[in-house]
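As given, the protein sequences belong to chains A and B, one line each in that order.
At position 358 of the first sequence the residue is numbered 358 (my numbering), and the sequence of numbers has no breaks.
At position 261 of the second sequence the residue is numbered 261 (my numbering), and the sequence of numbers has no breaks.
Treat the hints with caution; some may be incorrect.
Unchecked claim - Simulated pairs of lysine to aspartate or glutamate, EDC-like, Cα-Cα distance not exceeding 16 angstroms:
| id | chain 1 | residue 1 | chain 2 | residue 2 |
| --- | --- | --- | --- | --- |
| 1 | A | K74 | A | D207 |
| 2 | A | K379 | A | E345 |
| 3 | A | K379 | A | D433 |
| 4 | A | K130 | B | D248 |
| 5 | A | K468 | A | D433 |
| 6 | B | K107 | A | D261 |
To be verified - Output of the computed footprint for chain B on chain A, the stretches with three or more beta carbons under 8 angstroms from beta carbons of chain B:
| id | stretch |
| --- | --- |
| 7 | 78–90 |
| 8 | 420–431 |
These are calculated hints, taken from the structure and not from any lab test.
These numbers come from a predicted model, not from an experiment.
We treat Cβ as the ideally placed atom computed from N, Cα and C, and that holds for glycine.
Okay, here's what each chain looks like letter by letter:
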Amino acid sequence: MNRTGKQILFALALLALPFLAHAAKIGEISETTWTDQAIDFFTMQQPIVRTALTGSLLIGFCCGILGSFLVVRKLSLLGDTLSHAVLPGVAMGFLWNASKDPWAIFVGATAAGILGVALVGWIKQTTHLKEDSTMGMVLAGFYGVGICMTTVIQNMAMGNKSGLDKFFFGQAAALSSGDIELLSIIALITVVVILGFYKEFLVISFDSGFAQALGMPVKVLHYALMALLTFAVVVSLQAVGVVLVSALLITPAAAAFLLTDRMHWMLVLAAAFGMLAGAIGAFVSYLSNNLPTGPFIVLGATGIFLLALLFGPRHGLLPKMLRRRKQRQRIALENTLKAVFHLSESSQFKDQVFEIGRLATERNATLHETESEIRNLVKADMASRLDSRNGPEMSGQAQFELTKSGWYRACEIVRNHRLWELYLTNAAQYPIDHVHDDAEDIEHHLGEELVHRIEERLENPIHDPHGKLIPNRESIKL
Amino acid sequence: MRERFFPDFDWHTVFVQPWTDYSENSFWIVLMGFLVSGTCGLVGCFVILRRMALVGDAISHSLLPGITIAFLLTNSRDTLPMMLGAIAAGVATVALIEAIRHSSRIKPDAAIGIVFSSLFAIGVILISAFADKIDLDAECVLYGELGFIPLQDVVMFGGMEIGPEPVVRMAIIGLIAIGLLLSFFKEMLVTSFDPGLAASLGINPTRYQYGLTLFLSVVIVSSFESVGVVLVIAMIIFPGATALLLTDRLPKAIWLSTLFSALYAGLGFHLATWLEASIAGGMTVIAGFIFGLVWIAAPDRGLLTKFAKRALKSEIVLPNP
């Protein structure tokens with residue numbers, strides 16, 4: 001836990017670095033204030049801003065939705081493979097008519113992407129190479145072909161105006177209105193296909209064997225999903241770059257995966273996170289003028305992921321830690337109550353008022369520790385102090401008594417403990433001297449229902465294996 | 001400047017001229033290519049066996065912020081700070097992946113993707129933000145180019161010229177790799193195939209895992225200058241993967257991977273000369289091509305053999321009624 005904490009701190013520190021870096025940048029270039037720029041940006045008055053922001057939002061939306069399927073199928077890095085594999089297609093599309101015609105590039109890249117994914121599947125099926133090597137080979141091999149082709153293109157006459165470098169790091173401002181049209185169409189197709197075949201995609205994602213048994217066209221659905229993914233990757237390339245597209249597929253979906261167990265919620269959240277990351281990235285890139293958009297979109301997504309990792313209500317690290325702490329406190333409280341019960345029991349339940357010093361002896365604890373335990377009990381309304389004549393603290397003479405709810409809880413705990421001991425000896429044939437430690441753990445976790453069943457099973461016993469009284473519903477009233 | 005994608009193929013300019021007109025440069029470039037892909041291939045055999053291929057991909061991407069930060073701190077392009085920065089980045093990558101995996105229900109593949117893309121993004125931003133101060137170019141890191149490695153600084157040893165500094169450096173890394181391989185071969189073998197057995201023999205698998213990760217970072221950082229961060233993955237995976245299609249024995253696979261590396265360097269160089277393309281790209285294309293050949297025509301496991309066997313089998317099993 002401690003080590004993890006340190007590692008996360010380190011990650012946060014790393015994250016802070018770029019922000020420092022661009023803070024310096026803003027200082028140099030901006031004359032208006034930060035908020036003015038934000039208003040300027042989000043009202044989208046300049047057409048170039050409008051294109052960049054709309055594009056980033058659409059990209060975040062598509063990638064978020066489609067990435068969710070990759071993440072739940074443990075195929076996250078297929079997105080990475082895909083984004084590298086489209087490079088030769090991009091170059092090919094560029095060669096087609098020697099200009100940055102979005103449609104030609106789109107067709108070429110999609111063909112290359114689908115070929116890449118098909119090759120991953122095919123190599124995996126026909127050799128004993130593992131999935132990761134296969135993906136790595138397709139990724140690097142296709143990318144190598146792409147590099148060859150782009151270097152050749154750059155040596156060719158039309159290479160100078162190619163703008164192919166935008167495909168590596170991404171600049172949302174490089175998006176043209178043609179790209180936005182393409183993006184909107186892809187977003188629309190994605191939504192229609194996912195909504196139309198939601199059930200089918202759900203089944204193949206979680207249990208493709210079952211899907212096959214149901215007679216679903218698993219292969220067709222798989223390749224349909226891959227085709228959609230390729231579309232999304234290809235249209236995102238210019239805004240976020242080859243390397244970072246995979247982050248847009250994985251990170252928002254992973255953040256959503258931390259927050260919910262329901263696929264439809266995951267899709268909604270991932271789409272929202274993707275759009276948020278897109279907006280953040282486009283905005284920061286706009287603020288800093290000449291920095292590429294892609295990395296900021298990615299860091300935006302990473303930020304969202306870290307927030308989900310730390311604060312997610314169910315799986316977040318912080319809530320988990322708090323829950324664990326709360327449980328530890330409850331157990332400590334219950335152990336104190338149990339000790340008080342034992343004190344009372346040793347006087348045949350005649351004593352109702354106890355000295356802190358005696359409790360400390362009973363618990364084998366220092367006076368100081370016992371004081372704070374009693375304070376916790378009082379806070380939980382399970383005990384009250386009687387008088388503080390003899391000096392309230394640290395004398396050991398100070399007295400307290402349990403409130404009604406305190407007594408009730410104390411009896412419950414002791415009942416749980418002794419009932420469990422009896423159950424272990426009677427029903428599970430444990431030797432009598434082996435049952436205490438087990439009962440010590442489980443007494444804090446037995447629920448009312450289970451206790452009831454055990455009581456019935458043991459025919460409402462009165463004494464535990466050591467001959468001590470099991471406080472039951474009647475005797476608990478005391 | 002030319003108009004066509006494929007220039008005319010001329011045996012003389014592609015295969016002879018590089019060795020007659022620029023023989024010295026060609027020699028060092030091909031040797032460097034071989035050293036890079038040979039060393040990567042050596043480490044790669046184990047990387048493949050341990051299913052760490054994509055961890056390697058992640059490490060190679062996160063080197064970018066590592067070397068950038070090292071550069072910003074020391075303001076020099078010396079080997080040592082770069083190397084330390086890269087190793088730190090490699091270790092941080094693996095540690096972060098493990099941290100995410102252990103502290104949440106995120107699967108390893110997603111954890112890898114999240115970590116490397118974030119680190120790479122940080123690197124790109126740092127480079128663009130300090131573009132005026134940094135002598136590094138993100139694109140150069142991404143591509144790398146064997147043709148541009150500095151050949152002027154010649155290393156002298158005992159009054160003798162040995163070779164250009166980058167080549168000598170890579171040769172040293174390669175020799176270290178061979179030395180490590182020879183001294184820890186048994187341990188690496190056992191921990192790769194059966195970590196449980198290794199642990200019962202008193203060999204700590206985690207230690208070797210981290211050792212391999214460390215050395216992988218070293219190899220990647222010394223290679224990226226020549227082949228770029230993405231193609232270094234090709235150099236790591238292709239030789240081993242191709243060799244493992246041909247044999248089941250690790251020592252033989254290692255020999256074969258070295259042989260393939262030599263082919264990549266030689267043929268890739270000539271392919272790039274012909275097309276006037278990136279040499280690293282050319283090497284990768286050759287690597288993919290050789291893998292394709294082996295995949296189709298390997299004696300035991302090739303597609304052809306498989307189809308032939310299947311055809312033969314169906315003939316025997318299903319005689320005409």
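Consistency of the hints with the structure:
Straight-line distance between C-alpha atoms of K74/A and D207/A comes to about 12 angstroms, which keeps the hinted pair within the 16 angstroms bound. Between K379/A and E345/A the CA atoms are separated by roughly 24 angstroms; this puts the pair beyond 16 angstroms, and the hint is violated. For the hint pairing K379/A with D433/A, the CA-to-CA distance comes to about 36 angstroms; that exceeds 16 angstroms, so the pair is violated. For the hint linking K130/A to D248/B, the alpha-carbon distance of about 14 angstroms falls within 16 angstroms, and the restraint holds.
Note on K468/A and D433/A: the hinted pairing holds, with a Cα-Cα distance of about 15 angstroms set against a maximum of 16 angstroms. A hinted pair counts as satisfied when its Cα atoms are at most 16 angstroms apart, and K107/B with D261/A qualifies at roughly 14 angstroms. Under the rule that three or more residues need a Cβ within less than 8 angstroms of chain B, the assignment of the stretch 78–90 of chain A holds, with 3 such residues. Residue count for the stretch 420–431 of chain A with a Cβ under 8 angstroms from a Cβ of chain B: 0. That is fewer than the three needed, and the coverage hint is violated.
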